[in-house]
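Participant: Here's the letter readout for the chains.
Protein chains: 2
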Amino acid sequence: MINTSAKERHRILYLEDHITGSAYEFGPIVMDEKAMIDFASQYDPQVFHTDPEAARKTSFEGLVASGWHSVVLATRLLVDHYFLRLANLGSPGVDELRWLKPVRPGDELSVRLTILEVRPSESKTDRGVIKGLVEVLNQAGEVVTTWKGINIVSRKDAV
Amino acid sequence: MINTSAKERHRILYLEDHITGSAYEFGPIVMDEKAMIDFASQYDPQVFHTDPEAARKTSFEGLVASGWHSVVLATRLLVDHYFLRLANLGSPGVDELRWLKPVRPGDELSVRLTILEVRPSESKTDRGVIKGLVEVLNQAGEVVTTWKGINIVSRKDAV
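Heads up: the sequence lines are chains U and A, in that order.
1 is the number of the first residue of the first sequence in our numbering; add one for each residue after it.
1 is the number of the first residue of the second sequence in our numbering; add one for each residue after it.
Possibly wrong hints are sitting among the right ones.
Once the Cα atoms are required to be at most 30 Å apart in a straight line, the calculated BS3-like pairs of lysine-lysine come out as [as the list claims (entries may be wrong)]: (1) Lys148(U) to Lys124(U); (2) Lys34(A) to Lys34(U); (3) Lys156(A) to Lys57(U); (4) Lys124(U) to Lys131(A); (5) Lys124(A) to Lys131(U); (6) Lys101(A) to Lys57(A); (7) Lys124(U) to Lys124(A); (8) Lys131(U) to Lys148(U); (9) Lys131(U) to Lys34(U); (10) Lys156(A) to Lys131(U); (11) Lys148(A) to Lys131(U); (12) Lys156(U) to Lys124(U); (13) Lys156(A) to Lys131(A); (14) Lys101(U) to Lys148(U); (15) Lys101(A) to Lys124(A); (16) Lys101(A) to Lys34(A); (17) Lys156(U) to Lys131(U); (18) Lys57(A) to Lys34(A); (19) Lys101(U) to Lys124(U); (20) Lys57(A) to Lys101(U); (21) Lys148(A) to Lys34(A); (22) Lys101(A) to Lys124(U); (23) Lys148(A) to Lys156(U); (24) Lys57(U) to Lys148(A); (25) Lys131(U) to Lys101(A); (26) Lys131(A) to Lys57(U); (27) Lys131(A) to Lys148(A); (28) Lys124(A) to Lys148(A); (29) Lys156(A) to Lys101(A); (30) Lys101(U) to Lys131(U); (31) Lys34(A) to Lys101(U); (32) Lys148(A) to Lys148(U); (33) Lys57(U) to Lys34(A); (34) Lys124(U) to Lys156(A); (35) Lys156(U) to Lys34(A); (36) Lys57(A) to Lys124(U); (37) Lys156(U) to Lys131(A); (38) Lys156(A) to Lys148(U).
Honestly, the hints are just simulated from the structure, not real lab data.
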């Protein structure tokens, strides 16, 4: 599906282009300390996300990224390398989002996407559903965050 | 649990302070168009999130907020009104996150939190698990986004 030739890299990906079990990796992208604090100050201002000193006295024993920050940084990788090519009609949601390990300042995050399910819609013949496992890894190869994403995708033969 | 008296509003909330079935509402907070475009440009740069003109030609028929933006704005409300008072040891994740309706520029989002489950840990006597349903509502009272959050929370008698 995600081929390395220049031509293939720009081809639109339809439902039929997805194969269950295929896996792809994108990244890395750096979790910068200042960006961590800025993001958390705006959206998730708990001290273990915003204040390096105060964070030392919590169960995290130091600053950790907001779990949502890790999710949206990983989303940026997914969008740049996958969603911008996907014949994407939108996402109804995600399942089983898990924050497994803390993300620390300077961590380098990569994303591994594994296609779990490819299913044509029974009611709408022009589209189908793709379910994918997203695993976010740090520079040590540890899985820090996972979720199962759902997307509605156009069928090629309907375009 | 979340009482209206000034003294009660600042009391720390432990596991025992939660009652299954209790519900609380916080907000509203405005989804500003410029903030929508800025957030999506950084984390979710798909045209229906970043470009009002191009968004008209998509199935969304106009600009819609990144689903993750709705989640983090709602999180800000939850943190300000609930998590900053919670004896919170962290969150292992969330389940069944759903984007049910588009969020448009200028929408006013509120959060309704309903306590689904309060369970002391079997292995660690100083803590327990709280599961809560988060519903994000717009100014018309429509539920636009939902998820089930999980938090590890200290027990009062263990402190």
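Participant: Does each hint hold? Answer for all of them.
Facilitator: For each hint, the structure was consulted:
1. Lys148(U) to Lys124(U): With Cα atoms ~23 Å apart, Lys148(U) and Lys124(U) stay inside 30 Å; holds.
2. Lys34(A) to Lys34(U): 22 Å, holds
3. Lys156(A) to Lys57(U): With Cα atoms ~19 Å apart, Lys156(A) and Lys57(U) stay inside 30 Å; holds.
4. Lys124(U) to Lys131(A): 35 Å, violated
5. Lys124(A) to Lys131(U): Violated: Lys124(A) and Lys131(U) sit about 35 Å apart, past 30 Å.
6. Lys101(A) to Lys57(A): 18 Å, holds
7. Lys124(U) to Lys124(A): The hint is violated at about 50 Å.
8. Lys131(U) to Lys148(U): Holds. Lys131(U) to Lys148(U) sits at ~7 Å (cutoff 30 Å).
9. Lys131(U) to Lys34(U): 34 Å, violated
10. Lys156(A) to Lys131(U): 41 Å, violated
11. Lys148(A) to Lys131(U): 19 Å, holds
12. Lys156(U) to Lys124(U): Holds, because 13 Å separates the two Cα atoms, which is no more than 30 Å.
13. Lys156(A) to Lys131(A): 18 Å, holds
14. Lys101(U) to Lys148(U): 17 Å, holds
15. Lys101(A) to Lys124(A): 40 Å, violated
16. Lys101(A) to Lys34(A): 20 Å, holds
17. Lys156(U) to Lys131(U): 18 Å, holds
18. Lys57(A) to Lys34(A): 20 Å, holds
19. Lys101(U) to Lys124(U): 40 Å, violated
20. Lys57(A) to Lys101(U): 41 Å, violated
21. Lys148(A) to Lys34(A): Measuring from Cα to Cα gives roughly 29 Å; hence the hint holds.
22. Lys101(A) to Lys124(U): 19 Å, holds
23. Lys148(A) to Lys156(U): 35 Å, violated
24. Lys57(U) to Lys148(A): 28 Å, holds
25. Lys131(U) to Lys101(A): 20 Å, holds
26. Lys131(A) to Lys57(U): 26 Å, holds
27. Lys131(A) to Lys148(A): 7 Å, holds
28. Lys124(A) to Lys148(A): Since the Cα atoms of Lys124(A) and Lys148(A) sit roughly 23 Å apart, the hinted pair holds (cutoff 30 Å).
29. Lys156(A) to Lys101(A): 39 Å, violated
30. Lys101(U) to Lys131(U): 24 Å, holds
31. Lys34(A) to Lys101(U): Violated: Lys34(A) and Lys101(U) sit about 33 Å apart, past 30 Å.
32. Lys148(A) to Lys148(U): Holds, because 15 Å separates the two Cα atoms, which is no more than 30 Å.
33. Lys57(U) to Lys34(A): 37 Å, violated
34. Lys124(U) to Lys156(A): The given pair, whose Cα atoms are some 53 Å apart, is violated under the 30 Å limit.
35. Lys156(U) to Lys34(A): 34 Å, violated
36. Lys57(A) to Lys124(U): 20 Å, holds
37. Lys156(U) to Lys131(A): It is violated: about 41 Å lies between the C-alpha atoms, which goes past 30 Å.
38. Lys156(A) to Lys148(U): Violated: Lys156(A) and Lys148(U) sit about 35 Å apart, past 30 Å.
Hint violations for this structure: numbers 4, 5, 7, 9, 10, 15, 19, 20, 23, 29, 31, 33, 34, 35, 37, 38, all remaining hints satisfied.
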